[in-house]
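Can you build the whole structure from these sequences, using the hints too?
Residue numbers (the working numbering), protein chains in the order written: chain A, 159 to 725; chain B, 31 to 374.
Check before you lean on any hint, since a few could be wrong.
[Claimed, not checked] Listed next, with one range per pair, are the computed distances between beta-carbon atoms: (1) G588/A x L60/B: 43 to 51 Å; (2) F116/B x A434/A: 58 to 66 Å; (3) L177/B x S594/A: 53 to 61 Å; (4) L177/B x Q264/A: 40 to 48 Å; (5) R258/B x D211/A: 55 to 63 Å.
[Said to hold, decoys possible] Covered stretches of chain B (in silico footprint by chain A; criterion: 3 or more residues with CB under 8 Å from a CB of chain A, positions within the stretch not fixed): (6) 234–240; (7) 247–261.
Please keep in mind that the hints were generated in silico from the structure rather than gathered at the bench.
In this text the structure is predicted, and so the values were computed from the model without any measurement.
Even glycine gets a Cβ: it sits at the ideal position worked out from N, Cα and C.
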Amino acid sequence: MPVTDSGTPGDSDKRVSLKQPPAPGGQAVAPPALEVRDISKDFGNNRALDRVDLRIGHGEVVGLLGQNGSGKSTLVKVLAGVYDPEPGGRLFVGGEEVPLPLAPGQASEIGLSFVYQNLALAPGLSVLENLTLGQRIGGGARAWAPINWIGEHRSAAAVLDRYQVRLNLDRRTGELPPVDQARLAIVRAAEDLRRYRTRSGYKHSVLVLDEPTVFLPAEDIERLFDLIRTVVAEGAAVLFISHDLVAVRSITDRVVVLRDGRVVGEEAAGEIDEEALVDLIVGTPAGQGGPGSAPAEEPPVVQTALAPAEPAGPESAPELGQHVVVEHLADGRLADVSFEIGAGEILGVAGLIGSGAEDLPYLLFGARPAISGTLRLGARTLDAGRLSPQRSVRERIAFVPADRGALGLSERLALWENIVMLVEDEHYRGGVFRRSELVALAREAIARFEIRPPLAHAVTGTFSGGNQQKALLAKWLMARPRLLLLHEPTQGVDVGARRDIYRFVKSAATLNQTAVLWVTTDFGELAEVCDRVIVLSQGRPVATLAGEELSDDAITAAALRQTREDT
Amino acid sequence: MSAPAPVEEARDKEHQAERSAPSALWRAELHRYAILIVFAALIIGFGVSLPSTFLSIGNLSNILGSQAVLFILVMAVLLPTVVGDFVDLSLGSSLGLSAMTLAVLNVQHGWPVLLACLAGIGAAVCVGLVNVFFVVFFDNDPFIVTLGTMTIVQGVIYIVSGSNSVGIVSTNLSNWIFTNEFLSIPLEFYYGLAIFLVVWYVLSFTPTGQKALVIGQSREVARLSGVRVNRQRAWAYIIGAAIAAIAGIAYAGTNGTVDPTAGSALILPAYAAVFLGATAIKPGRINPLGALIAVYFLATGTAGLELLGAQTYFQQIFYGAALVAAITIPKVNRERFFKRKRAA
Chain A
159 MPVTDSGTPG DSDKRVSLKQ PPAPGGQAVA PPALEVRDIS KDFGNNRALD RVDLRIGHGE
219 VVGLLGQNGS GKSTLVKVLA GVYDPEPGGR LFVGGEEVPL PLAPGQASEI GLSFVYQNLA
279 LAPGLSVLEN LTLGQRIGGG ARAWAPINWI GEHRSAAAVL DRYQVRLNLD RRTGELPPVD
339 QARLAIVRAA EDLRRYRTRS GYKHSVLVLD EPTVFLPAED IERLFDLIRT VVAEGAAVLF
399 ISHDLVAVRS ITDRVVVLRD GRVVGEEAAG EIDEEALVDL IVGTPAGQGG PGSAPAEEPP
459 VVQTALAPAE PAGPESAPEL GQHVVVEHLA DGRLADVSFE IGAGEILGVA GLIGSGAEDL
519 PYLLFGARPA ISGTLRLGAR TLDAGRLSPQ RSVRERIAFV PADRGALGLS ERLALWENIV
579 MLVEDEHYRG GVFRRSELVA LAREAIARFE IRPPLAHAVT GTFSGGNQQK ALLAKWLMAR
639 PRLLLLHEPT QGVDVGARRD IYRFVKSAAT LNQTAVLWVT TDFGELAEVC DRVIVLSQGR
699 PVATLAGEEL SDDAITAAAL RQTREDT
Chain B
31 MSAPAPVEEA RDKEHQAERS APSALWRAEL HRYAILIVFA ALIIGFGVSL PSTFLSIGNL
91 SNILGSQAVL FILVMAVLLP TVVGDFVDLS LGSSLGLSAM TLAVLNVQHG WPVLLACLAG
151 IGAAVCVGLV NVFFVVFFDN DPFIVTLGTM TIVQGVIYIV SGSNSVGIVS TNLSNWIFTN
211 EFLSIPLEFY YGLAIFLVVW YVLSFTPTGQ KALVIGQSRE VARLSGVRVN RQRAWAYIIG
271 AAIAAIAGIA YAGTNGTVDP TAGSALILPA YAAVFLGATA IKPGRINPLG ALIAVYFLAT
331 GTAGLELLGA QTYFQQIFYG AALVAAITIP KVNRERFFKR KRAA
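Structure (structure tokens):
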């Protein structure tokens, strides 16, 4: 039962006037649509949110900014009832206190609605079906009442008209361009809020938009903003979460900056310049790499790399270590990207989501087709548009994808089978597959890569994320790659395994002279492991950082700042 | 920020894996041989109750010989299933088409039997190619496509045969398949055994087989490991169809006359055997040895029931029950059962 329904509006006004501290700027008349006070959230010893206060006034659009890990998503998840905050935090909706923690699903009953980056649309259903999906939930007799499709069609058309969104209601949602899918999701959420306001008689309601613009081209973002303005005009307040400083500055009234779980700044959007905003987000004046961020003790490069299988004869030496050159690589999102990776160098690629950085390893491996570009491995020149995984494996390009379960390892095979997958053919002699040799080889790798428990015959899916990731790395390093492509190689991996993975990749680079491309949104990781980092924005390289200037903050600043210049 | 939760989970999982490792391994061993154990119990049970009829050479020969057509079809069904295309429903029709082509050409057109056999195989391979075209090339759902081709081929069989049984095929063929025996067992059993050995060898002892396995378990992982996924899927359909055609030849040789519905009754038992076999020897994997055991386990069960006087339709009940039991029992004694107990 929603708490807000328990009192009359008059009641709540009284309570608000007692409890509400006078708000700045003479806004004390109406209670804010949403206010949180003293919200904290711990994960183990890690404080993700530290006594966060946030107010969103009626009809206000507030931008929430911060780097990855600053606590933005944690705050959203507390509001959505996904996480329980630490005791002591308070939540006021329309001036009335709502006890925390919220139950999952309770948010919609108190006038909060969320649109996440993945939009939560069913691509196979029609626009109409997606729009009305929320009304189908709930059981009882209503679940058996006939649906009047003609009437629904008519009222849905009216809804779209109200928000000035023109969509064909019978189109399959998956066929819509991304911006229209985003608009559909926003209309659906806004409509939920409007229904809430009519039903309850309250004026407040808050639409939370979590990174709605990341995959959209600049011209489409404007259309999305028109919709947001309509939603605000209808009576909702908006919390807008984004990395995109240009977008935030153009749509929001006020910005709140989170860093390390704390609110570190709160400014009117028109009054702060971008340089100051970047500094607030990053924490140190950008450009001078944070002195405190120097990596902890360098783990010694032990003999963990796969030494060449043959006792390294002099003739095998030139085989190792090849210079990699990528030129004019392009796909839908990347526009003309060129870079080099020296033999034994670890090159990091950074970029916000949607910058195209995450496409790079897939394109260079041939897992997805590129439109154009070349990849030069030593003396060999390959056409990036015609790469295929088969070809790449033959050229000894290794690829560790982010989605380990679906793309990297077969979770139902035994561990040894996954590890030796790429070298099987070398152990097929005289018409027989040398299983015992392969198992022995896998056992060796399990020991060398410290995979625990060291059970070669156990089913791969039963290992922890970190150990699976080590196995995936072992599988590819087994093939003695010339180029190693890594995408989010430490995602969902515990701290110990993360250290181990850094060590294994570093020693592969040093001892085997493998060229490494490391793509992740964890910029701190790039600063720690990479020799050099290039920063992409909107499909183009915009900065290269190396040596002294290479730090978490510098990468973040470069990635953020460049979003501005492009628009 | 979201790191701590996965860390916790990962550690938990690791501990679990370590703690439960020995008992899990022991249980896995038990699962591997569960069907063999039940099989042995079945033989002992029937042997004790029917010492004179069940434990006779005649009965052994009957069990081994009568299942040869099904067993060859099982090997055909196994191939697309291994590479993860879980159903090729048209294989039963391919069997029928091959048998009917052979019969029509041999009986009505007087072709020499060997040539007629080759024509039968050719016809079935064509069906396989059609499947490849629509399933692999156009990336359609194999269930739907092969449902279509199965129906089409069935129609073609009726056209070719004029909706009549066609017989009697050359006794030469019958001699080489059914009548002649080696160690009192019809030769067709040995043909099935030979095909089994080849399939088993390829799947278990060559990199090709290992790759097929990876394709079946995770197609994308295979693709990104450089495996030619579609090529191997295509071969599975084509060779599967060819083996189904051989099953058709065995059918024609065994029965002498070919009925237009030949094969359609065999496809579901064949799948039952393949999936039952996947619970044995290498649990969770489609494997030929498991399938071999499953076929003869089911045949022994039904033969024993028949000797005990049960009606033939009990066969079907036995088949179905064995399949459902085999995939369910390994799950019951794991988490679900214990969880409920703990909760209570």
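Results for each hint:
Separation of G588/A from L60/B is about 35 Å and departs from the stated range, judged on CB atoms against 43 to 51 Å. The hint said 58 to 66 Å for the Cβ distance between F116/B and A434/A, and at roughly 60 Å that hint holds. Between L177/B and S594/A the beta carbons are some 43 Å apart, a value that contradicts the proposed interval 53 to 61 Å. At roughly 46 Å, the beta carbons of L177/B and Q264/A sit within the given window of 40 to 48 Å.
In this structure the hint that R258/B and D211/A lie 55 to 63 Å apart at CB holds, the actual value being about 59 Å. With 6 residues carrying a beta carbon less than 8 Å from a beta carbon of chain A, the segment 234–240 of chain B meets the three-residue requirement, and the given coverage holds. Coverage of a stretch by a chain is defined here by at least three residues with a beta carbon nearer than 8 Å to that chain's beta carbons; for the segment 247–261 of chain B and chain A the count is 11, and the condition holds.
In this structure, the hints that do not hold are numbers 1, 3, in rising order.
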